[in-house]
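Visitor: Spelled out, the chains give:
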Amino acid sequence: DVQMTQSPSSLSASIGDRVTITCRASQGISNFLAWFQQKPGKAPKSLIYAVSSLQSGVPSRFSGSASGTDFTLTISSLQPEDFATYYCQQYYSYPRTFGQGTKVEIK
Amino acid sequence: QVQLQESGPGLVKPSGTLSLTCAVSGGSISSSNWWSWVRQPPGKGLEWVGEIFHSGSSNYNPSLKSRLTISVDKTKNQFSLKLSSVTAADTAVYYCARYSFAYGFDYWGQGTLVTVSS
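Going down the list, the sequences are from chains A and B.
Going letter by letter, the first sequence gives residues 7 to 113 in this note's numbering.
Going letter by letter, the second sequence gives residues 259 to 376 in this note's numbering.
Treat the hints as calculated values from the structure; they're not laboratory data.
Note that beta-carbon positions come from the ideal geometry of N, C-alpha and C, so glycine has one too.
Don't take each hint at face value.
What the hints assert, rightly or not - Quick list of in silico lysine-lysine cross-link-like pairs, DSSO-like style, CA-CA up to 30 angstroms:
| # | chain 1 | residue 1 | chain 2 | residue 2 |
| --- | --- | --- | --- | --- |
| 1 | A | 45 | A | 109 |
| 2 | B | 271 | B | 302 |
| 3 | B | 302 | A | 113 |
| 4 | B | 323 | B | 334 |
| 5 | A | 113 | B | 323 |
| 6 | A | 48 | B | 271 |
| 7 | A | 109 | B | 302 |
| 8 | A | 113 | A | 48 |
| 9 | B | 340 | A | 51 |
| 10 | B | 271 | B | 323 |
Unchecked claim - Here are the computed distance ranges between Cβ atoms for each label pair:
| # | chain 1 | residue 1 | chain 2 | residue 2 | range |
| --- | --- | --- | --- | --- | --- |
| 11 | B | 360 | A | 69 | 16 to 24 angstroms |
| 12 | A | 58 | B | 327 | 30 to 38 angstroms |
| 13 | B | 376 | A | 33 | 21 to 29 angstroms |
Kindly generate the complete structure, drawing on both the sequences and the hints.
Guide: Laid out in structure tokens, this is it:
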């Protein structure tokens, strides 16, 4: 299985801060990397697919990038509605695997 | 707009079989997408369970494969999950989701909590 190691597991940030979450794959996954946002009691919401492509309707303050097997989700200016848990996921191979999540909290 | 809705019993006895159905609306289950199940134990992360194509081809998480069956009913535009010999470790919110080759896991159901308890 491809292991997805996400960091940090949690972070505290203020409105307007730039936030970066990273995910490292245990082996090459090409560009088959997605990011999801999940709020308490809700289903995950797809933000980004194929490393850096935004799903329709997702604000442009969200962006994704990659360097080898390291992947990054960046929120350029944190908004109140962005406080949530974020997960990365690889869909290059089976079984599909997720990172353990990063909880973004209000400082 | 594609919508997915899970349904099924919220309580299953240990050693029993967990059965859930995902109804798809706003799109055809016979489109070129895979139909997936993902679960999340309370307070924990996401685990991919498995998926099915409208042809009946399926892929399962090896950790569940011996207990898992995913099927599709094209006449009802829905797909289903059956997980046998359940234990408390199978207690989770179960989500159904669409996997698109172009857009990844783009549409999700709201999720349904299944508790395994006597």
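Visitor: Give a verdict on every hint.
Guide: Structure-based check of each hint:
A hinted pair counts as satisfied when its Cα atoms are at most 30 angstroms apart, and residue 45 of chain A with residue 109 of chain A qualifies at roughly 10 angstroms. Taking the CA atoms of residue 271 of chain B and residue 302 of chain B, the gap is about 22 angstroms. The hint holds against a cut of 30 angstroms. The hinted pair formed by residue 302 of chain B and residue 113 of chain A meets the criterion: a straight-line CA distance of about 23 angstroms does not exceed 30 angstroms. For the hint linking residue 323 of chain B to residue 334 of chain B, the alpha-carbon distance of about 25 angstroms falls within 30 angstroms, and the restraint holds.
Proposed proximity of residue 113 of chain A and residue 323 of chain B is contradicted: the alpha carbons are some 43 angstroms apart, above 30 angstroms. For the suggested pair residue 48 of chain A and residue 271 of chain B, the alpha carbons sit about 26 angstroms apart, so the restraint of at most 30 angstroms is met. A distance of roughly 12 angstroms separates the Cα atoms of residue 109 of chain A and residue 302 of chain B; the hinted pair therefore holds under the 30 angstroms criterion. For the given pair, residue 113 of chain A sits about 23 angstroms from residue 48 of chain A by alpha-carbon distance, which is consistent with the 30 angstroms threshold.
Among the hinted pairs, residue 340 of chain B with residue 51 of chain A is consistent with the structure: their alpha-carbon atoms are about 25 angstroms apart, no more than 30 angstroms. Our distance criterion of 30 angstroms between C-alpha atoms is met by residue 271 of chain B and residue 323 of chain B, whose separation comes to about 20 angstroms. For residue 360 of chain B and residue 69 of chain A, the hinted distance range of 16 to 24 angstroms is satisfied, since their beta carbons lie about 19 angstroms from each other. A hinted range of 30 to 38 angstroms holds for the C-beta pair residue 58 of chain A and residue 327 of chain B, which are about 36 angstroms apart.
Roughly 42 angstroms separates the CB atoms of residue 376 of chain B and residue 33 of chain A, a value that falls outside the hinted 21 to 29 angstroms.
In this structure, the hints that do not hold are numbers 5, 13, in rising order.
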